[in-house]
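The hints should help you fit chain B onto chain A, whose structure is shown.
2 protein chains.
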Amino acid sequence: MNCGVTTFGFEIISTDPQTHARRGRMRTAHGDVDTPAFMPVGSRAAIKGCLPELVRRTGTQMILSNTYHLLLRPGVEVVAAVGGLHRFMGWDGPILTDSGGFQVYSLGDLVRLDDKGVWFRSHIDGQPVELTPERVIEVQRVLGSDIGMVLDHVVPLPAEIAQLAEATRRTIAWAKRSVEATAPGQIVFGIIQGGLDKQLREQCLRELTAMDFPGYALGGLSVGETPEEMYQVVEAFGPRMPPEKPRYLMGVGRPQDILRAIAAGIDLFDCVIPTRNGRNATAFTWAGKLRLRNAKYRCDPRPIEEGCFCPACADGRFSRAYLRHLFLVGELLGPVLVSLHNVYYYQKLMAECRRAIDRGVFREFAQDAIARLERQIQEQPETGGPSQG
Amino acid sequence: MNCGVTTFGFEIISTDPQTHARRGRMRTAHGDVDTPAFMPVGSRAAIKGCLPELVRRTGTQMILSNTYHLLLRPGVEVVAAVGGLHRFMGWDGPILTDSGGFQVYSLGDLVRLDDKGVWFRSHIDGQPVELTPERVIEVQRVLGSDIGMVLDHVVPLPAEIAQLAEATRRTIAWAKRSVEATAPGQIVFGIIQGGLDKQLREQCLRELTAMDFPGYALGGLSVGETPEEMYQVVEAFGPRMPPEKPRYLMGVGRPQDILRAIAAGIDLFDCVIPTRNGRNATAFTWAGKLRLRNAKYRCDPRPIEEGCFCPACADGRFSRAYLRHLFLVGELLGPVLVSLHNVYYYQKLMAECRRAIDRGVFREFAQDAIARLERQIQEQPETGGPSQG
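Chains as they are written, first to last, in the working numbering: chain A, 1 to 389; chain B, 1 to 389.
The hints are simulated quantities; they were obtained by calculation from the structure and are not laboratory data. Keep in mind that this is a model prediction, so the values were computed, not measured. All C-beta atoms in this analysis are idealised placements derived from N, C-alpha and C, irrespective of residue type, glycine included. Heads up, a few of these hints could be off.
Just the calculated beta-carbon pair ranges, DEER-fashion [what the hints assert, rightly or not]:
1) A/R302 / B/V142: 18 to 28 Å
2) B/A236 / A/G307: 24 to 34 Å
3) B/V142 / A/V111: 41 to 51 Å
4) A/G307 / B/G185: 32 to 42 Å
5) A/R298 / B/K116: 25 to 35 Å
6) A/G83 / B/G31: 35 to 45 Å
7) A/F309 / B/P184: 34 to 44 Å
8) A/E53 / B/A371: 32 to 42 Å
9) A/R359 / B/R355: 50 to 60 Å
10) A/G83 / B/R291: 16 to 26 Å
11) B/G288 / A/G108: 44 to 54 Å
12) B/V142 / A/I377: 50 to 60 Å
13) B/D115 / A/R302: 38 to 48 Å
14) B/G185 / A/R298: 25 to 35 Å
Looking at chain A on its own, in the form it has when it is part of the complex (with noise of 0.2 Å):
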């Protein structure tokens, strides 16, 4: 738990000549991150089936995890009890929480939500449960967690204006009450919204810069909206995010999605997309996605990708055909195996990003990267797009 002396600290190492980007290092009370850098999620206290020394061992360097569905169980008290978040689940590097607005959108018509701020009832067992802004703060206290995120007002896009004018300006009131109810060295950021408006994203990021929050989110995105639409966004107002800031771009995305925001300056992401991907058997490569189920893996002896050092391929140690085999046969280990191989093409990727703005060709280096995904699209049409969670 934080203790009123903050450790926090971000500093930039280098910038991208020709786009947005930002090559930095972030400090947190777990150790350093390098940004922009991607967490892989664990909701609910793990990444599914992954023992955390192996999704460290896939590059990775913060996680992130949920106030939501971790105090509706095992319950806060839980999690203190056990000494904090971080040893709760046994990952000693930095973690990140969200707060929860995500989820109360995800709930829809299940919530009641108001100025002070949401009811609904567990799905777990019907008991009533209430999120406010102080709440959510003292609950991200409790766990302990490096950088947790104020509650926010998240809208399904897309949406009547009135209706995202209310968001903003109920966002923003959260925001003061969250800056208030922020202990002493709790590094807590704020989360701009605004849906697809440039005036509600415009009010909010002014307000909010006005907080002096340690770091700044976009929200609200990846909720219905196409990702041209997305693009929008991030691409206004990524780079007028206050620049000696981490900045972070909730819930999203593909690779593709995440080169883009890089160029627009971005620091931090997060994304199921990976492990969700892993759990069903779709394995990414620089050469495009796999679908390991497919008959054509059946006697296929290479790895996922040949020269890839995450747990599943490293000297060529599980071919196609076993993990196409344990998919068929439902053997727990599949998921687990593809899972660690699509984080660790994520932090590859994160890590060749970070190399790419160190020497200046950023540029050239996601347009190329951009293209050949894009290209991979169209010869294999997608499984899902960006989902946040």
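Structure of chain B alone, referenced to chain A:
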């Protein structure tokens, strides 16, 4: 695959002065195995959910896989295409493959069985499958397991004497055909059947001993008899199996069963109990079993067992509270961690047995351990008995 050169051997390093227990070392093409040894079960070419490197860290030297399962899925030609079973599953240590006799027994009335062999329809796709003694030997040669097993005729207990006699006669005839089908350098163990009938067991032991297999198993136990009945067979026939060859008790069992069998001169064991219990949130400890879903562990910060060095307990990394949480929310990591702990517990038990034999105090060690285990059963009812598979 074996290529005509036998690298198999077995030496006895020490014997216990007061029991039939022996401490030995089995040499295989993929490394040595200290006996008495326990093999965790990976029927479908995976120890459920566990990377081979983690299985290795439990102290496991040798694992068991299953001809029957692999024949149905992915098919022996797939394993062969990838370079054999070791390469396929990423396990570079010794592997023993069971023959499929026990699985045929499990299928019950779905099987047609005569002197030629066994016919059944695949439960996967309804295709007819034929297992003959010769085919089973050939399949294991192609899989490349370090030790294969003959096809035997397993009878559920209790059984009529006429049925047991018929099955024993058939097992002997099949064993003879198996010897003829075995390639130079291929290692295949014989299986002694006969149910609870001492004369039939005696006859089977005598006839198979004459065939000079490189190792022998007691089969047809843990198929419906009481522990006491099983002990009677093991204690009568363990000491009379060829002393210079490894002796294997198939599919047994609970820690107390293993202790009693070691005292009867058994060297090799396999059982699904540690992994199956692990998947059901039951953890073995020296103080008794923990049912990790129990509410009393809700805030328990202790590891499963203090001082245990398994991947789940080492450094007190994962608390009972965390494991309980994983099981309650259905996170895959729970079954993985408790399976690893339980296999580690079994391997530690085996290591302590070997040490007690070396020191000549196995009788006292086993008596104490069995008394403690039986007392635990009095205090905490069992969830299940020994099971094979």
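Hint by hint, where does the structure go against what was stated? Just the numbers, ascending. 2, 3 and 12
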